[in-house]
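Q: Letter by letter, the chains look like this.
Number of protein chains: 2
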Amino acid sequence: MSENTIPYKIYLSENEIPDKWYNLRADMKNKPAPLLNPATCKPMTADELGVVFCDELVAQELDDTTPYIEIPQEIRDFYKMYRPSPLIRAYCLEKALGTPAKIYYKFEGNNTSGSHKLNSAIAQAYYAKKQGLKGVTTETGAGQWGTALSMACAYFGLDCKVFMVKVSYEQKPFRREVMRTYGANVTPSPSTTTAVGRKILEAHPGTTGSLGCAISEAVEVATSNPGYRYVLGSVLNQVLLHQSVIGMESKTALDKYGVKPDVIIGCAGGGSNLGGLIAPFMGEKLRGEKDYQFIAVEPASCPSFTRGRFAYDFCDTGMICPLAKMYTLGSGFIPSANHAGGLRFHGMSSTLSQLYHDGLMEARAVEQTAVFAAAEQFARVEGILPAPESSHAIRVAIDEALRCKETGEEKTILFGLTGTGYFDMTAYEKFNDGVMTDYIPTDEDLEAGFKGLPVVPGQDQ
Amino acid sequence: MSENTIPYKIYLSENEIPDKWYNLRADMKNKPAPLLNPATCKPMTADELGVVFCDELVAQELDDTTPYIEIPQEIRDFYKMYRPSPLIRAYCLEKALGTPAKIYYKFEGNNTSGSHKLNSAIAQAYYAKKQGLKGVTTETGAGQWGTALSMACAYFGLDCKVFMVKVSYEQKPFRREVMRTYGANVTPSPSTTTAVGRKILEAHPGTTGSLGCAISEAVEVATSNPGYRYVLGSVLNQVLLHQSVIGMESKTALDKYGVKPDVIIGCAGGGSNLGGLIAPFMGEKLRGEKDYQFIAVEPASCPSFTRGRFAYDFCDTGMICPLAKMYTLGSGFIPSANHAGGLRFHGMSSTLSQLYHDGLMEARAVEQTAVFAAAEQFARVEGILPAPESSHAIRVAIDEALRCKETGEEKTILFGLTGTGYFDMTAYEKFNDGVMTDYIPTDEDLEAGFKGLPVVPGQDQ
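Which chain is which? The protein sequence lines are A and B, in order.
Okay, so the first sequence: first residue is 208 according to our numbering, each after it adds one.
Okay, so the second sequence: first residue is 208 according to our numbering, each after it adds one.
Please note that a few of the clues may not be correct.
[Claimed, not checked] Below, in silico cross-link-like pairs of lysine to any residue (SDA-like), each with a Cα-Cα straight-line distance of 25 Å or less:
| id | chain 1 | residue 1 | chain 2 | residue 2 |
| --- | --- | --- | --- | --- |
| 1 | A | K227 | B | I213 |
| 2 | B | K637 | A | Q378 |
| 3 | A | K227 | A | P274 |
Don't read these hints as lab results, they were simulated from the structure.
None of the values given here were measured: they were computed from a predicted structure.
Isolated chain A, as found in the complex (with noise of 0.2 Å):
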């Protein structure tokens, strides 16, 4: 088909969304590492993570070997009031940059919760209603998970409970208002409602709260009150799972069109979306194929990719919850105040971390101040006022672009846009006033974070 018959945008129509997700991890030859029993060291027993998670989500997390599961009915049903989502052809980037590549991104802040975590939160929501349960609890940060929680458990009627990291809470009252107006109970963190956040409190009189301990306080009323579970929206291979959707959309709309991606790029902080995006093509590049590039973009103020250790790790500050093999600065590591967007977890996917491990993707750290200088120029001429954690995707691929311009290379750009900016707003004032600042841990800060890795046996540290 004729370049020129691409239109702006892709859209599918409601028969094109997946009824499968795609699990990465069956065409996996290195499997990712199991998630650990942090006592005893040994994987994770089905049993162990059902007191802590609902049963279903339980297995999707341990099957590593079924290529597709399928999308129950009510999942799909709810995926059709804002799926398939757009893949835009960036049209007017491409000639404000005089490149020759082509980009595409997939844009999923259509929605709401304006981000991709709802493509997972009305997931978790309905295994949850399915099993019986009268609610889920959760921590958010920057807030698109929470918010997305809220939607879900609106829609199934479930009770929600979210810990809100205490400063997001005070500084993003917009935020916690939506999640308010879904019905969710929001709570900051640390709170005088868990032991935890007692014992917290009580040593840290003044703290402003962390997701780490946000996380502690969830899983601490999950566990404490019948008829909980807690849910998480990233980092599990769980969530990649539906995230795939995400991928497979873009991939149904580019074979559409007979268009092949040379490059895939996606932000990444505990990797929901870079997983998802890039599932169909790494499961095709993994199956041998076709070959693509994969890029993992993350802040160079939290670079657990480019300066990570390979490593079992906690993955929240509190220590509570299972080991978990990944790229990681260790669990106390938190990154510097003046970073905006969110992106800020110690760790990473298990499954991405495999993957980048086994040399199948690569990894770029940039600052943040580049960062906000992409996400303006994207504004101005796409329309679409982008999240700064999406924004680390739209600097590499406007970087890419501008090399193609170099080379003259007519490479064909895929990234994930993965959310909407309406909430960031003091960080675009912070750009806009030129006081926003840039941040890389040096490597003394980073020592000290893996000084706090757990000791695994057989595993080097």
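Following the hints, position chain B against chain A.
A: Structure of chain B alone, referenced to chain A:
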């Protein structure tokens, strides 16, 4: 076609974006009354209007005979970035209400400006660019129009000077930052940068500004700087013309599935959304081809249609703009500060005013706590967080659907969902906290406003 085949979202393809705007006035037997020069009380000439507005927009403003006006290719190219907008079947809302009614809504919030305002902003920016202007000036209150215009000007490389009502500038810093991110120059109004601003500040040192004052400043800057013109986001005939894309796309989508709406509902502030949504349907009614029930929904705190006078009035509080014949509460009328949403304009589009006066359209006034209750109910089941303005239409759509539940009628309802509420969370917070109040002006309040109506020879006052 079977009822069951109607998808959640009816997306059209890019080549189904209208290539012409529909000029409803051409089919009106009683044309809207012309704008008058306030000094002479004679109809404004094109030359007089050309001092303030772009030439081509003046021509559109005065043309009440040409039924279809071609949309320039450059504007259609921009439309492709976010149009056609989805027409959504509210299956989840219908189910939640248990109504036999079929509810559809046209969602115009799926672009960064977050509202339908972009449809006219891009057209006005295009004509300004085509005329070789340096830039445009405007005012903004809640900020939707200013945001849309900033995006449009960024796209065409025009300077954009926005006078933002000071109280909004301070209370809605995020809106301000979106405009700045798109490169606009945003000044809190009243300001010391204009003669009229200085005069107002001298008379009222502590004033937090008003839309009328911001209009006056914007017009002053446009008329005193070579290469600048003033643009307006609602009320004018040209704006309704551009917004006809909303209705035309809605009609194309519904026709595709053989659906004819019985009731068409839109919120009304200045009338740009409502006028655009109903345009092609009203055209059929005017030509005697089909019948529809049209309902304009306005806030009870600013009831132009339901309690206003049909008379010539100023469009601005500063009384420097032309006189328009419309349903008005008087240019000095200011809705109570407790009213959260937009729709605060004292007057109403002349075109819609004439249609209402001729009995072709109904109007309802609704109170804001009832509006936010509808907004929240809608958000929880349909997954879109609506703007307070749009939620006026949701309120009446729900009321109509509940009436159908009582009577058993299977009416088909279409309403306009003009935008998203991301920047209105302060109002949602008040509602969530149960401290939102209603306000209905007394007859005495209204009489005070009517006293300020200008005396126009030959007009009843």
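Q: Next, verify each hint and record whether it holds.
A: Hints, verified against the model:
1. A:K227 to B:I213: The hint holds at about 23 Å.
2. B:K637 to A:Q378: holds (17 Å)
3. A:K227 to A:P274: holds (9 Å)
Every hint from the earlier list agrees with this structure, and none is contradicted.
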